[in-house]
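K.L.:
Sequence:
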Amino acid sequence: MSPDNQLESQAIKTVEPPVEAVRDQDKIHLVLAYLGILALIPLLTVKDSPYVQWHAKNGLVFGIAGMVGLPVLSALFGWIPFIGWLFSCALVLAFLVVDILAMVKALSSVRWRIPVFTDFAEKL
596 MSPDNQLESQ AIKTVEPPVE AVRDQDKIHL VLAYLGILAL IPLLTVKDSP YVQWHAKNGL
656 VFGIAGMVGL PVLSALFGWI PFIGWLFSCA LVLAFLVVDI LAMVKALSSV RWRIPVFTDF
716 AEKL
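The number in this note's numbering is simply the position in the sequence shown, starting from 1, with 595 added.
One or more of the hints may lead you astray.
Claimed, not checked - What follows is a list of derived Cβ distance ranges for each label pair:
1. P676 x D619: 16 to 26 Å
2. V692 x A670: 30 to 40 Å
3. I678 x K642: 40 to 50 Å
4. P645 x W680: 39 to 49 Å
5. P676 x S703: 33 to 43 Å
6. W674 x D643: 13 to 23 Å
7. Q620 x I678: 20 to 30 Å
8. R618 x L671: 23 to 33 Å
9. V711 x S669: 18 to 28 Å
Claimed, not checked - In the EDC-like style, the derived pairs of lysine to aspartate or glutamate whose C-alpha atoms are separated by at most 20 Å in a straight line are:
10. K700 x E717
11. K622 x D714
12. K622 x D643
13. K700 x D619
Just so you know, the hints here were simulated from the structure itself, not pulled from any lab data. Even for Gly, the Cβ is constructed at its ideal location relative to N, Cα and C.
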């Protein structure tokens, strides 16, 4: 393979899919998609927008993982004085940051993939 073909091949891999325009009526649904169990609202009511459906599935999987995983990890590490408390707080803060970032990306017409969670959500 010539160097030109290699560059062309790499360029094709880095091109993102076209940005989808966010409809005004979908904005509230995109916010709800990343508010834990409230992601069921857009998932069950907005059938005409694959974009909203994708974010609702992504947000639902991430929200359920947070609702189950955060208490379990906090209980596991909570018995360690101070360090366990710091770890639990950092974990909750990281979850909130990712959740807010995903919400902002969704409102900016970006399908932001959350590693592991998005792969699982796409199987739904």
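K.L.:
Hints first: check each against the structure and report whether it holds.
P.N.:
Right, here's what the structure says about each hint:
no. : hint                    : result
1   : P676 x D619: 16 to 26 Å : violated (50 Å)
2   : V692 x A670: 30 to 40 Å : violated (22 Å)
3   : I678 x K642: 40 to 50 Å : holds (47 Å)
4   : P645 x W680: 39 to 49 Å : holds (42 Å)
5   : P676 x S703: 33 to 43 Å : holds (42 Å)
6   : W674 x D643: 13 to 23 Å : violated (49 Å)
7   : Q620 x I678: 20 to 30 Å : violated (47 Å)
8   : R618 x L671: 23 to 33 Å : violated (43 Å)
9   : V711 x S669: 18 to 28 Å : holds (20 Å)
10  : K700 x E717             : holds (18 Å)
11  : K622 x D714             : violated (24 Å)
12  : K622 x D643             : holds (14 Å)
13  : K700 x D619             : holds (15 Å)
Comparing the model with each numbered hint stated earlier shows that hints 1, 2, 6, 7, 8, 11 do not hold.
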